[in-house]
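Using the hints, position chain G against chain X.
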Amino acid sequence: DVKVTQSSRYLVKRTGEKVFLECVQDMDHENMFWYRQDPGLGLRLIYFSYDVKMKEKGDIPEGYSVSREKKERFSLILESASTNQTSMYLCASGLDIQYFGAGTRLSVL
Amino acid sequence: GENVEQHPSTLSVQEGDSAVIKCTYSDSASNYFPWYKQELGKGPQLIIDIRSNVGEKKDQRIAVTLNKTAKHFSLHITETQPEDSAVYFCAASNNQGGKLIFGQGTELSVKP
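Residue numbers (the numbering used here), protein chains in the order written: chain X, 23 to 131; chain G, 2 to 113.
Excised from the complex, chain X in its bound form:
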């Protein structure tokens, strides 16, 4: 079975903190994705990556950056967390079929 693991299920951070969300996949997929999920808005793509050290902006990249130093790991970085970044964050890997992690629920106070 494909496994996509997100490092934390729940996180609580303060406004202005730098936040790292980690994602690891075990299927040697080249493509990896970060989404945020908000009620009534579905899943919105933040960033994605085709390969190591490659990154592409999604639909809502503002306030976020990413890092892909190894093929299996894709990190989402909130440089200075703000309250409007309180959300569920989902990582996925794959090509046509995307396999999702269980999500990280981030609260920024």
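Rather than coming from a laboratory, the hints here were simulated on the basis of the structure. Mixed in with the good hints, there may be bad ones.
Below, simulated DMTMM-like cross-link-like pairs (lysine to aspartate or glutamate); rule was C-alpha separation at most 20 Å, straight line [to be verified]:
| id | chain 1 | residue 1 | chain 2 | residue 2 |
| --- | --- | --- | --- | --- |
| 1 | X | K40 | X | E84 |
| 2 | G | K72 | G | E3 |
| 3 | G | K100 | X | D118 |
| 4 | G | K43 | X | E44 |
| 5 | G | K100 | X | E39 |
| 6 | G | K43 | X | D48 |
| 7 | X | K75 | X | D60 |
| 8 | G | K100 | X | D50 |
| 9 | G | K43 | X | D23 |
| 10 | G | K100 | X | D81 |
| 11 | G | K69 | X | D118 |
| 12 | G | K100 | X | D73 |
| 13 | G | K43 | X | E52 |
| 14 | X | K75 | X | D50 |
| 15 | G | K100 | X | D60 |
| 16 | X | K77 | X | D118 |
| 17 | G | K38 | X | D118 |
| 18 | G | K72 | G | E40 |
| 19 | X | K79 | G | D18 |
| 20 | X | K93 | X | E44 |
| 21 | G | K38 | X | D73 |
| 22 | G | K58 | G | E16 |
Every beta carbon over 12 Å from chain G, so not counted as near; a handful from chain X, in silico [claimed, not checked]:
| id | residue |
| --- | --- |
| 23 | E52 |
| 24 | K92 |
| 25 | E94 |
| 26 | S102 |
| 27 | T108 |
| 28 | L131 |
Fair warning: this is a prediction, and the values are worked out from it, not measured in the lab. Don't be surprised by glycine CBs; every beta carbon is placed ideally from N, CA and C.
Frame of chain X; chain G shown alone:
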């Protein structure tokens, strides 16, 4: 860019009834249409998908139909069961690096 609209946002049915969720897309170049199911506390999981060269696909109690001319596709669940209760997402892709555009989601509740 691509936009995917999904309706309804919530759907409540009695066990054994059918459920239908509809999506429309804007980019005529879209050629891949997956459906994902998200159970409480879990990430979305693919349940069925269809490509633009096919009009209908069925897998046991679930089926998806695609109308390329009208640019809409639908998920049909027959003989619903309580374990079908979840949030369902449609998505569309034109195969640009596997990027998917998701609909807003439908919360399906199946009452025993």
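Restraint status (C-alpha distance of K100/G to D81/X at most 20 Å):
holds (11 Å)
Interface exclusion of E52/X relative to chain G, criterion Cβ beyond 12 Å
It is violated; E52/X is separated from chain G by about 9 Å at its closest Cβ, not greater than 12 Å.
Is K100/G close enough to D118/X, meaning Cα to Cα at most 20 Å?
holds (8 Å)
Can the restraint linking K43/G and E44/X be considered satisfied, given a maximum Cα separation of 20 Å?
holds (17 Å)
Checking one constraint from the list: CA of K100/G to CA of D50/X, max 20 Å. Satisfied?
holds (18 Å)
K93/X and E44/X were given as a pair; does the straight-line alpha-carbon distance stay at or below 20 Å?
holds (13 Å)
Is K58/G within 20 Å of E16/G, Cα to Cα?
violated (23 Å)
Within 20 Å, alpha carbon to alpha carbon, are K100/G and E39/X?
violated (30 Å)
Has the given pair, K38/G with D118/X, been kept, meaning a C-alpha gap of at most 20 Å?
holds (16 Å)
Hinted pair, alpha-carbon criterion (20 Å max): K72/G, E3/G. Please report holds or violated.
holds (12 Å)
Against chain G, does E94/X hold up as non-interface, every C-beta pair farther apart than 12 Å?
Correct as stated: the minimum Cβ-Cβ distance to chain G is 17 Å, above 12 Å.
Quickly compare the C-alpha distance for K79/X and D18/G to 20 Å and report which way the hint goes.
Judged against 20 Å, a Cα distance of about 42 Å means the pair is violated.
Figure legend: structure checked against the earlier numbered hints; hints not met, in rising order: 5, 7, 13, 18, 19, 21, 22 and 23.
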